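A.B. asks: Each chain is listed here by its residues.
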Amino acid sequence: MITNLVIFAFIVGLLTGAVVVGAITWAKDLGLRMTWWKCLLAAIWYLLFLFLFFAAFTFMGEGEPIAGWRTLGISTVILVILGAGLVRILRSK
Amino acid sequence: MTKKSKKQEDAACSRRSFLKVGGAVAAGLQVGAVAGAGLAAGKDPSTHTGWQHLGDNTQFVDRTKLIRKGPAFHIVGDTQRTQRHESAFERQGIIMKNMRQYREMISSFDAGEERIEGRGNMEAPEPGKEKERKPPQDPMKYPPMDTFEEPMLSWYKERPDLYEADKVRMEEIMPKRAKDSETYKEYYTLINAWSGSWSTREPITEPPEVSDYKIGSGRKIGDPIPFKSPAHASLLIKKVAHHFGATMVGITTIEPDWHYDFGLRGAEDKGSYKIPEHWKYVIAIGIPHEWEQVNSNPNMATSFDAYSRSTIAARRLETYIKSLGYPARRHSPMDGYDLIGVPYLVKAGLGEQGRHGITITPETGANFRSAYITTNLEMEIDQPIDFGVEKFCEHCQICADLCPSGSISRAPNNHEMNHRGYRHWEINQTTCYNYWMQSLGGMGCRICLIACPYSRKANWLHTMARKADTADPTLTVAKSLTYLQKNLFDAPEAEDFLPPPDGEFANFREAPEWLDVQNYLDIEARPPSKDRKQ
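Going line by line, the protein sequences match chains A and B.
At position 44 of the first sequence the residue is numbered 44 (my numbering), and the sequence of numbers has no breaks.
At position 117 of the second sequence the residue is numbered 1117 (my numbering), and the sequence of numbers has no breaks.
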């Protein structure tokens, strides 16, 4: 169990690194002027995205598929609204 | 632009593209990994708040951080012990006896007899008034209130609603259940077999002064072996109790008010009795139901799995204590009780009482059954705990919403409640019992037990919710979580749990596949949902 957790954490860590490098490159190519607080906001949005996804699938795993799908649906709406706001903030000078 | 710089720019561009695409792919993979981890976390059997899934550290919550000052329950009036007629189960015995006599009386009238005397509960007519008594017309009718003797008569006069509830049970519910049992017996074949197979009874047949000092069928206990200290005794008893199968253990002292005022097991006199002097301490143990089946309460689940396991653990612990030279007596679901459990669970710090009247523990919520040992082995006692249940129950009411018999109070709090002198939540056990008598399968109900938000799984999501709930004194988190529980999860409505035609014998969640007769048996089974009125 612990071995599985370590392997999982290692893989997720590698993926996180790739996501961060990719995100920085995207930001440069899109001409976004990223400050520390913009980076923080983007990171919070992404973590919230992962958290809600994790929660929805936990519900599905514990035999509550309806709660899982409802969580996904509600999360999508929340994330789209927050994402739109985030994009406006990131594009601001 | 030189050829070299063009090449460099292309290389930079392709590297940037690689990083961008790689980052996007990594994000996708990360989402997939999170989804997979979520599914695994949800399925993880070690997070089931049910039997066999809690591992060695079954009582994993550190209660020293939750201890609260003050008594287990606030005294708000003259305290008194429970009388036989106040218990819905025990009252059934009185009712059956009275109904039998009532029928005999009717037969006597039919046979032309004019008076009846000395028939237990039946009141003999006063001399000269024999002919005023009119014979009842319908032998299936519930006996009139005045045919019950004291103290039940006065109690019925005080609570005519419970007389009516008992009447409904005996005249309507029980005949209907007999019919339903026949109609759907194939559909409930597997759950009936499962529930019945847990049965194990070993009644206590001798009074405490005898049975508590004997091991098994006759060997007398030896001299008490001294412990280093009460703390050592407490520590050892708890360790051993866990080894015997107890998921949770707490220790407290005897409160005479919390013992029935009738029917001491093994005693010849079934009336009021004095608490035996060697009952000084109570060891309370709790064992949860099997997780897979407890979710399909009420009709595709049973109480007997945890009844049986808690009883066996209590028997083992009783023998263990006796083997060390101390008298002990078990009080358990299969072998009977001389005490009321919930207050002892609260006093022993296993949990807090919820709106549904059941104790809620930090480990398994309300999903557990209890057993007790009374003994004079001196042990260090536990203290009542507070992890926010009382406040939570004031606003939650999920159990009251789902209760098919409306037996759970919807009062905003229990501040005005006074039950035998104590302030605490109390359900209407008569109407609750009436629903038990309607349900099929393993019989009983247990909807409140599993619908309770504290009974949800112990995975990261629900554990985090519980912690946030406890930590927030403003109840904002608790209210939000209750709202989510009511709206995210799909549960039947209270009336769905009723028998056809008003309901469909619904279950809280789908039954495990091994309780579905269609999957294993070659029989025709009629699902109750087919007979629901549209």
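It is worth saying that the hints were derived from the structure and are not from the lab.
None of these values were measured; they are calculated from a predicted model.
Quick reminder that beta carbons are idealized off the backbone N, C-alpha and C, glycines included.
Each hint should be verified, as a subset may be incorrect.
From the structure, some residues in chain A lie toward chain B, with a derived Cβ separation under 10 Å [claimed, not checked]:
1) Val12
2) Asp29
3) Gly31
A.B. asks: Quick one: which hint numbers does this structure break? Sort them smallest to largest.
C.D. replies: The structure conflicts with hint 3 only, although it agrees with all the remaining ones.
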